[in-house]
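Engineer: If you read the sequences in order, they're chains H and V.
Numbering follows UniProt numbering, in which position 260 of the first sequence is assigned residue number 260; successive positions increment by one, without gaps.
Numbering follows UniProt numbering, in which position 119 of the second sequence is assigned residue number 119; successive positions increment by one, without gaps.
Mixed in with the good hints, there may be bad ones.
[Unchecked claim] In silico lysine to aspartate or glutamate, EDC-like type, Cα no more than 16 Å apart, as pairs:
1) H:28 / H:396
2) V:278 / H:371
3) V:220 / H:371
4) V:278 / V:12
5) H:395 / H:371
6) H:104 / H:50
I should point out that these hints are in silico values taken from the structure, not numbers from a laboratory.
Here are the chains, one letter per residue:
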Amino acid sequence: MRRFTFPGGIHPEEHKSLTEGKPIREIKPPDEVIIPLSQHTGSPAKPIVEKGGRVKVGTKIGELTGFISANIHSSVSGEIKKVDLHSHPAGGNVLSVFITNDGKDECEDTSEKDIDSLSAKDIIGIVKEAGIVGLGGAAFPTYVKLSPPRGKSYQALILNGSECEPYLTCDCRLMVERPEDLLLGGRLIARAIGVKRCIIAIEENKPDAIGKMDKLAGKYDFELAVLRTKYPEGAEKQLIWAIAGSEVPTGGLPVDVGMCVHNVGTALAVYEAARFGKPLIERVVTVTGAVKSPSNFKVRIGTSFKKLVDEAGGYLGEPGKLIAGGPMMGISQYTDEVPVVKGTTGIFIQKKEESVPPHQTACIKCSRCVDVCPMRLLPTSILAFIERGDFSTAKELGVLDCMECGSCEYVCPARRPLIHNFKLAKVRLR
Amino acid sequence: MFRVSPYPHIRDEVTTRRIMFIVIASLMPAFAGSIFFFGIKVLVLTAISVASSLICEVLCQIIRKKPITVSDGSAVVTGILLAFNLPPNVPYFVPAVGAFFAIVVGKQVFGGLGYNIFNPALVGRAFLMASWPSFMTGRWAVPRIGTMSGIIPGLSSLDVVSSATPLTAAKVYSGVPGLISLLNDKSTLLSLFVGTRGGCLGETSCLLLLAGGIILLIFKIIDYRIPLSYFVTVFSLTGILWFLGVTPLTPIFHILSGGLFLGAFFMATDYTTSPITKEGRWIFAIGCGVITVVIRLWGGYPEGVSYSILLMNAGTPLINRFTRPRIFGH
Numbered sequence: 001m002r003r004f005t006f007p008g009g010i011h012p013e014e015h016k017s018l019t020e021g022k023p024i025r026e027i028k029p030p031d032e033v034i035i036p037l038s039q040h041t042g043s044p045a046k047p048i049v050e051k052g053g054r055v056k057v058g059t060k061i062g063e064l065t066g067f068i069s070a071n072i073h074s075s076v077s078g079e080i081k082k083v084d085l086h087s088h089p090a091g092g093n094v095l096s097v098f099i100t101n102d103g104k105d106e107c108e109d110t111s112e113k114d115i116d117s118l119s120a121k122d123i124i125g126i127v128k129e130a131g132i133v134g135l136g137g138a139a140f141p142t143y144v145k146l147s148p149p150r151g152k153s154y155q156a157l158i159l160n161g162s163e164c165e166p167y168l169t170c171d172c173r174l175m176v177e178r179p180e181d182l183l184l185g186g187r188l189i190a191r192a193i194g195v196k197r198c199i200i201a202i203e204e205n206k207p208d209a210i211g212k213m214d215k216l217a218g219k220y221d222f223e224l225a226v227l228r229t230k231y232p233e234g235a236e237k238q239l240i241w242a243i244a245g246s247e248v249p250t251g252g253l254p255v256d257v258g259m260c261v262h263n264v265g266t267a268l269a270v271y272e273a274a275r276f277g278k279p280l281i282e283r284v285v286t287v288t289g290a291v292k293s294p295s296n297f298k299v300r301i302g303t304s305f306k307k308l309v310d311e312a313g314g315y316l317g318e319p320g321k322l323i324a325g326g327p328m329m330g331i332s333q334y335t336d337e338v339p340v341v342k343g344t345t346g347i348f349i350q351k352k353e354e355s356v357p358p359h360q361t362a363c364i365k366c367s368r369c370v371d372v373c374p375m376r377l378l379p380t381s382i383l384a385f386i387e388r389g390d391f392s393t394a395k396e397l398g399v400l401d402c403m404e405c406g407s408c409e410y411v412c413p414a415r416r417p418l419i420h421n422f423k424l425a426k427v428r429l430r
Numbered sequence: 001m002f003r004v005s006p007y008p009h010i011r012d013e014v015t016t017r018r019i020m021f022i023v024i025a026s027l028m029p030a031f032a033g034s035i036f037f038f039g040i041k042v043l044v045l046t047a048i049s050v051a052s053s054l055i056c057e058v059l060c061q062i063i064r065k066k067p068i069t070v071s072d073g074s075a076v077v078t079g080i081l082l083a084f085n086l087p088p089n090v091p092y093f094v095p096a097v098g099a100f101f102a103i104v105v106g107k108q109v110f111g112g113l114g115y116n117i118f119n120p121a122l123v124g125r126a127f128l129m130a131s132w133p134s135f136m137t138g139r140w141a142v143p144r145i146g147t148m149s150g151i152i153p154g155l156s157s158l159d160v161v162s163s164a165t166p167l168t169a170a171k172v173y174s175g176v177p178g179l180i181s182l183l184n185d186k187s188t189l190l191s192l193f194v195g196t197r198g199g200c201l202g203e204t205s206c207l208l209l210l211a212g213g214i215i216l217l218i219f220k221i222i223d224y225r226i227p228l229s230y231f232v233t234v235f236s237l238t239g240i241l242w243f244l245g246v247t248p249l250t251p252i253f254h255i256l257s258g259g260l261f262l263g264a265f266f267m268a269t270d271y272t273t274s275p276i277t278k279e280g281r282w283i284f285a286i287g288c289g290v291i292t293v294v295i296r297l298w299g300g301y302p303e304g305v306s307y308s309i310l311l312m313n314a315g316t317p318l319i320n321r322f323t324r325p326r327i328f329g330h
């Protein structure tokens, strides 16, 4: 079978075996959830509940504002304790809704609905109302992607099941456990964007998921594309290049080459929203690394990281770093009192001895970073200009095209702080 | 308490020190061969060169008030490579002075590791060539097995056999009847390949240098593009000129003689002084090959590998600039 891939990239140790065989386990909703009103790319939602108010599971508590934003819903039933600032896994303090769980799990209407008669407009409306965002990590509001700018249209849908980030297995488990629902969600997305051609893309290190999809893809009119195992295979632009051979132009969007890419988890959320009217109130999170019992959990949004670590048996040895996401692009946390948000793909714990800051030495221009850069940049040269404060030359060399995948820094034998400086340059150039 | 840092949180295991260690290890076959061919003096010269490199690096860093980084192994590599570029019978002060020049002027003056424009070992060698030309071109030694020119004694009674290295013989004594055909003889070429011939102490055995080069390729320390295009350029250019009658020496003789193997695997591939783009590496090594051939055939020196690499080092920033890859999506 053909193996799709892109030039560049790296092969970090996967460590997926820690959790890839662990079925998704639903954990008991916590006594309190803290739900940030900004869990997505774009403007924060506006709170529409007040202290003392009662909510059910699925009650809208935050209303989207502006064109790129997303609704926020309660993930438990109970009473609003307060609306206040709280630390967020993406950094900083964010206005959040604290809800005391009454343990009754009273739900808004979850009756089964007919999805065959839904029009494109209906589907986009449902997705928008349900607060669905990309579940691969970036949390871009899905309804925005479903509404292409005037004059542009989609030719094909790619469901992204590559999950190239080491350690994480939440997408893999969804493909193994919920393949049909996920493909049905994919068909709904395809109907919403008006395309016939649908592809599901999976890295070849997930034979179970590939096996399932190989059997079922045809039934739902999906093509299966097996990708070579390589990081960052699941990056939107690289994935499109691997499958369709077209380059998304700089500053452009996938729609410019007619492609629409959605994470497999997002497709499942779309299905559940359309079928049961269920907003995005829970997700699958891989808790892995230095914990006693690495697991895949189905978690209510707003559950604290601490609770998930406890569910996974607690820390194994002394923890060094607690990371929201995977080891390549995850964000390290200063506290485990942060809540799971829509974009939390995993929680990765690194042992103390493994999280020692690397010893930095001088760049020897070995060009390993140049060889692996999926955007064909010259990271070593860009870094040199940033370090001497020449941001305009860094811009000329394409620093704004950097997607911050971290491949360059991963391979750097001198342990240069590339990503940190590229982010700095982007802020300075803005 | 948790540690907080930017991602990525995992790193490849390759570090600068490890790279240098592999380079040093890959030089060991040729080093052992050289000790065998030329005796214990090789060990002493190399030790002096390495020690001098390390001392100069430390002193420079103390003066520059920079962290001491000799443990990264780069100065050891420079020291060994400089020694490899010396005739086996030079006085002991020569490697000491050469290493001083290589490290201080070739490397630290530019800002230390990663900032130098020219290959430091070759800067040291060029300085020695200019300062003590008689030591650098006249202190050859006959290897334990074989002859100075690599010509098997049974084939000839020519005097030059005992006084000149293969390329010098070809350049200076090309008028001597029968010499050229002896140099092109299979048995001579075999001597050149194995290393039973005169020359700089680390350059004579193509076989052992090839073994080191393969180590570098297997561990992905060097890009195959540089040695490959260097060899192909020298081979095809001298092949054409040989066919046209410009040079009487076969392309195989040109590949195996002089310091081409040492240069192509260990000197032209130096990270800091060679291009960072793949396309640039082709251009760089083709340039090295052309200049090597031009110096050998028309220049004042019998050998051109070291100067060709130094010249192309000078062109590296320009090559990088003109071979910048097209950014994805542009």
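Engineer: Indicate, hint by hint, whether the structure satisfies it.
Structural biologist: Hints, one by one, checked against the model:
1. Between residue 28 of chain H and residue 396 of chain H, the direct Cα distance comes to roughly 52 Å. Violation of the 16 Å bound is thereby established for this hinted pair.
2. At most 16 Å may separate the alpha-carbon atoms for a hinted pair to count; residue 278 of chain V and residue 371 of chain H meet this at roughly 8 Å.
3. The suggested pairing of residue 220 of chain V with residue 371 of chain H holds, with an alpha-carbon distance near 12 Å, which does not exceed 16 Å.
4. About 21 Å separates the Cα atoms of residue 278 of chain V and residue 12 of chain V, which puts this hinted pair outside 16 Å; it is violated.
5. Note on residue 395 of chain H and residue 371 of chain H: the hinted pairing is violated, with a Cα-Cα distance of about 20 Å set against a maximum of 16 Å.
6. A distance of roughly 20 Å separates the Cα atoms of residue 104 of chain H and residue 50 of chain H; the hinted pair therefore is violated under the 16 Å criterion.
Violation of the numbered hints given earlier is confined to hints 1, 4, 5, 6; the remaining hints are satisfied by the structure.
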